[in-house]
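> Please build the complete structure, drawing on both the sequences and the hints.
Chains Y and V are the protein sequences, given in the same order. Just so you know, my numbering puts 118 at position 118 of the first sequence, and the rest follows in order with no gaps. Just so you know, my numbering puts 124 at position 124 of the second sequence, and the rest follows in order with no gaps.
For the record, the hints were derived by calculation from the structure and aren't laboratory data. Treat each hint with caution, since some may be false.
Dumping the calculated EDC-like pairs for lysine to aspartate or glutamate here, alpha-carbon to alpha-carbon at most 20 Å [to be verified]:
1) V:Lys185 - Y:Glu190
2) V:Lys219 - Y:Asp346
3) V:Lys190 - Y:Asp185
4) V:Lys86 - Y:Asp413
5) V:Lys88 - Y:Asp413
6) V:Lys291 - Y:Asp413
7) V:Lys219 - Y:Glu190
8) V:Lys88 - Y:Asp197
9) V:Lys86 - Y:Glu354
10) V:Lys190 - Y:Glu190
11) V:Lys60 - V:Glu297
12) V:Lys185 - Y:Glu451
13) V:Lys291 - Y:Glu190
14) V:Lys289 - Y:Asp346
15) V:Lys320 - Y:Glu190
16) V:Lys185 - Y:Asp413
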Amino acid sequence: MEIFAHLMDGFLLAFEPLNLGLVIAGVILGMFIGAMPGLGSVNGVAILLPMTYLVPPTSAVIFLGAIYYGAMYGGAISSIMLGIPGASTAVATTFDGRPMALKGEADRALVAAATASFVGGSISVVLFTLFAPPLAHVALAFSAPEEFALMLLAFATFVGLGGDDIPKTFFSIFIGLVFSAVGLDIISGEPRLIFMDLPGFFHGINFLVLAIGIYGIGEMLWTIETTKGNMKISQANITVRRIWEALVSLKSGIKTMVMGSFLGYFVGILPAAGATPGALMAYGVAKGMSKDPDSFGKGNVNGVLAPESANNAASTGSMLPMLTLGIPGSPTTAILLGGMVIWGLDPGPMLFVEHKEFVWGLIASLYAANFFAVLINLAFIPAFLWVLRMPFTILAPVIFVLCIIGGYAPTQDMHDVWLMLIFGIVGYLMRKLDYPMAPAVLAIVLGPLAETSMRQSLLMSSGSFDIFFFRPISGVIMVIAIILLILPMLHSFNRMMRHRASRWPL
Amino acid sequence: MLSIFTKFAKGLAVASVAAMVPFAASAEWTPKKPIDFIIMAGKGGGADKMARLMQSVIQKNNMSPMPLTPINKSGGTGAEALIHLKQKTGDDHTIMVTLNSFYTTPMRQSGLGVDVMTFTPIGRMAEDTFLLWVKSDSGINNVDEFVAAVKAKKDGEWLMGGTGSGSEDNILTDYLNATYGLKIKYIPYKGGGDVAKALAGGHIQSTVNNPSEQDGFFKAGTTKPLAAFTDERLAMYPDAPTFKELGKDFSYFMQRSVVGAPGMSAEAAAYYQKLFADVYKTTEWQEYKAKKSLQGEFLTGDGLKSYWAKAIKTHEGLLK
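Set out below in structure tokens:
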């Protein structure tokens with residue numbers, strides 16, 4: 001098998017002392033960068049890129065790859081511990097990770113996140129090793145109509161599979177879509193919805209601003225109100241035995257993790273999608289697969305397993321179009337791509353032929369990074385739990401400051417900080433009125449992707465919607481999406497009729 | 001194991017020493033704090049890659065006592081970045097990497113109130129080139145066959161992909177339509193990489209990408225250039241004639257320049273002009289230029305300003 005020969009060469013390269021050291025250093029650095037709200041793998045890789053000229057290109061990309069992986073693990077930590085998404089990719093982890101921590105199961109949530117990340121990373125890297133070139137062709141077959149169909153499917157998983165109040169879910173989605181429309185219209189180039197002509201709206205509303213506002217500030221206000229500041233969370237004593245028990249108890253979640261890994265990987269492969277939509281979609285599907293969908297959002301461990309396995313799998317997946325086509329599958333790989341140009345490598349169809357050593361060294365180092373990331377992560381869990389033992393009166397101001405840093409860091413614009421605070425207050429009010437907030441976050445992430453691909457498709461077809469249905473891949477996805485959208489409505493209509501029938505028997 | 005730590009420690013030490021010791025010996029102006037390096041485009045695009053290359057060249061060769069902090073401001077086809085720079089009038093620590101939206105965005109959005117001629121000229125690092133690309137298996141070998149193939153399709157069925165709307169790619173598509181009497185439909189994408197992929201996947205029929213965006217697929221034999229929008233044939237694609245050879249008096253380039261905030265002090269402007277003139281001379285930059293088929297000599301000061309004035313006139317003509 002030619003692939004295995006290449007992979008062995010890659011392993012020899014990845015286990016050179018310099019490279020192995022870089023993998024470990026990268027994982028640790030990445031974990032802390034990922035755990036800092038607002039600083040995700042994008043920022044980590046961008047900040048550390050200029051450091052890499054000290055080492056040869058293969059070592060450099062191994063280092064950055066390890067940071068990328070480490071950040072995927074780290075993002076879950078602040079989502080669970082503080083309720084602030086540490087990185088955009090970990091937003092979905094907040095939905096159930098935070099409630100678990102509040103129930104005193106923070107250790108279980110952290111172990112679940114680390115394990116799921118490991119499973120996601122492992123499955124995806126094996127898929128990567130075996131099927132990289134054929135999957136590149138799948139990515140090529142995906143054009144605007146297919147992308148739109150996929151986005152519609154993502155929305156459908158959220159509307160259709162939930163047991164939530166459907167009108168309120170729709171309301172939440174539409175609010176998110178309106179926010180996602182702010183900024184520049186990609187097709188006409190005109191500015192849209194620039195409120196009060198504030199220049200800060202030109203770059204659109206960064207969805208992290210919304211997510212941190214709602215989940216950081218809004219949740220904090222909510223907690224303060226409900227507990228009057230007397231909050232006690234997670235008094236659990238952390239022992240090796242408890243971690244082991246937590247690990248064993250994850251057996252029931254294997255199906256969720258495998259689903260998340262495959263889904264995340266395939267979404268990651270598609271250019272422009274990246275790990276965040278992958279994680280959100282996996283969350284939606286996990287909720288749909290569950291026998292007890294109502295427990296999601298209230299601390300179901302599957303709600304942590306699905307997005308965490310998916311975001312790690314997607315981060316591997318998004319390297320595929322980067323390496324084979326020269327197109328970044330996520331913002332982070334866009335920076336990595338820039339790095340490869342600086343090191344004198346030409347990402348694109350020829351990379352696998354011209355720089356075999358580099359490609360296989362990178363793949364092998366992904367195996368290594370994944371292995372070390374899970375070990376380091378599990379080892380650090382007691383330290384993270386210590387944070388939760390702090391009194392809430394100390395923790396709340398720390399969270400507040402971290403939220404502000406998180407709002408400022410991505411765009412370095414005070415405008416976004418003010419916006420985040422407003423979202424926090426609105427999020428708190430919506431929470432009081434029992435509106436689900438996750439669909440709004442989903443909408444602001446997927447809205448721009450869906451809009452762009454829909455309008456590109458309609459330009460291609462001169463305005464005809466046939467284009468979505470008469471192409472084999474997009475046709476199939478569209479049909480599934482529509483069924484998922486309609487089923488729950490029929491279901492609740494049915495329930496209403498039966499309800500009525502039982503009250504007024506004919 | 002040890003070697004990587006010493007290597008990293010050395011790197012860190014060099015970086016921190018460089019950051020702590022301002023060049024006390026020289027009386028010339030030097031930056032007092034980290035320099036904001038605004039990028040007028042999103043992360044991962046051509047302008048971004050180039051900005052990060054310049055940043056790493058400066059850092060690697062210890063050319064500046066203070067680091068450059070890259071900040072992407074891509075909103076509104078560069079409108080956000082232009083407004084930011086205008087608000088920084090008189091600031092000595094804000095510079096920007098720019099391209100042709102530097103001219104076109106203020107023209108399209110006159111409400112911005114930005115006059116780019118007031119910006120401080122620092123250096124034109126290169127000019128990027130454009131070519132007309134089709135798929136290799138399209139059976140099209142030259143511009144005449146291209147025109148025939150487009151005309152054989154129904155109006156609006158020939159799709160040209162490009163980066164953004166109102167961009168360089170859009171201008172070139174309009175040019176082809178006007179000059180050859182065609183009805184090509186232009187589909188905007190987010191970046192040159194997406195455009196190249198759409199062509200390779202057969203979802204669009206042609207592009208006017210830069211070599212840096214399309215070259216990978218050219219080498220892989222998936223796409224081929226038909227003609228170049230340059231004055232002379234490009235060394236990398238000797239078989240593609242220029243539009244000038246084909247009897248059209250037309251060429252089009254994209255500037256890759258660095259500008260400073262309006263009203264920057266003369267001393268600071270002189271410092272940055274020298275800094276980027278030095279960057280231009282480095283082997284790293286020259287290699288990059290050759291590899292990506294970039295053209296154009298270094299321009300600065302009044303030379304760069306008159307280049308802008310000329311380009312603005314050209315674009316006013318093209319956008320009519």
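> Run every hint past the structure and note whether it holds.
Okay, the hints, checked on the actual structure:
Under the criterion of a C-alpha separation no larger than 20 Å, the hint pairing V:Lys185 with Y:Glu190 is consistent with the structure, at around 19 Å. Distance hint between V:Lys219 and Y:Asp346 is fulfilled; the C-alpha atoms sit about 11 Å from each other, no more than 20 Å. Taking the CA atoms of V:Lys190 and Y:Asp185, the gap is near 11 Å; set against the 20 Å cutoff, the hint holds. At most 20 Å may separate the alpha-carbon atoms for a hinted pair to count; V:Lys86 and Y:Asp413 meet this at roughly 15 Å.
With a CA separation close to 14 Å, the supplied pair V:Lys88 and Y:Asp413 stays within the 20 Å bound. At roughly 36 Å between alpha-carbon atoms, V:Lys291 and Y:Asp413 are farther apart than 20 Å, so this suggested pair is violated. For the hint linking V:Lys219 to Y:Glu190, the alpha-carbon distance of about 37 Å lies beyond 20 Å, and the restraint is violated. Restraint check for V:Lys88 and Y:Asp197: the C-alpha separation of about 18 Å stays at or below 20 Å, so the hint holds.
At roughly 45 Å between alpha-carbon atoms, V:Lys86 and Y:Glu354 are farther apart than 20 Å, so this suggested pair is violated. Our distance criterion of 20 Å between C-alpha atoms is met by V:Lys190 and Y:Glu190, whose separation comes to about 15 Å. This hinted pair does not check out: V:Lys60 and V:Glu297 have alpha carbons roughly 23 Å apart, beyond 20 Å. Straight-line distance between C-alpha atoms of V:Lys185 and Y:Glu451 comes to about 19 Å, which keeps the hinted pair within the 20 Å bound.
For the hint pairing V:Lys291 with Y:Glu190, the CA-to-CA distance comes to about 35 Å; that exceeds 20 Å, so the pair is violated. Among the hinted pairs, V:Lys289 with Y:Asp346 is consistent with the structure: their alpha-carbon atoms are about 14 Å apart, no more than 20 Å. A distance of roughly 17 Å separates the Cα atoms of V:Lys320 and Y:Glu190; the hinted pair therefore holds under the 20 Å criterion. Between the alpha carbons of V:Lys185 and Y:Asp413 the distance comes to roughly 37 Å, so the proposed pair goes past 20 Å and is violated.
Taken one by one, the earlier hints fail for this structure at numbers 6, 7, 9, 11, 13 and 16, listed in ascending order.
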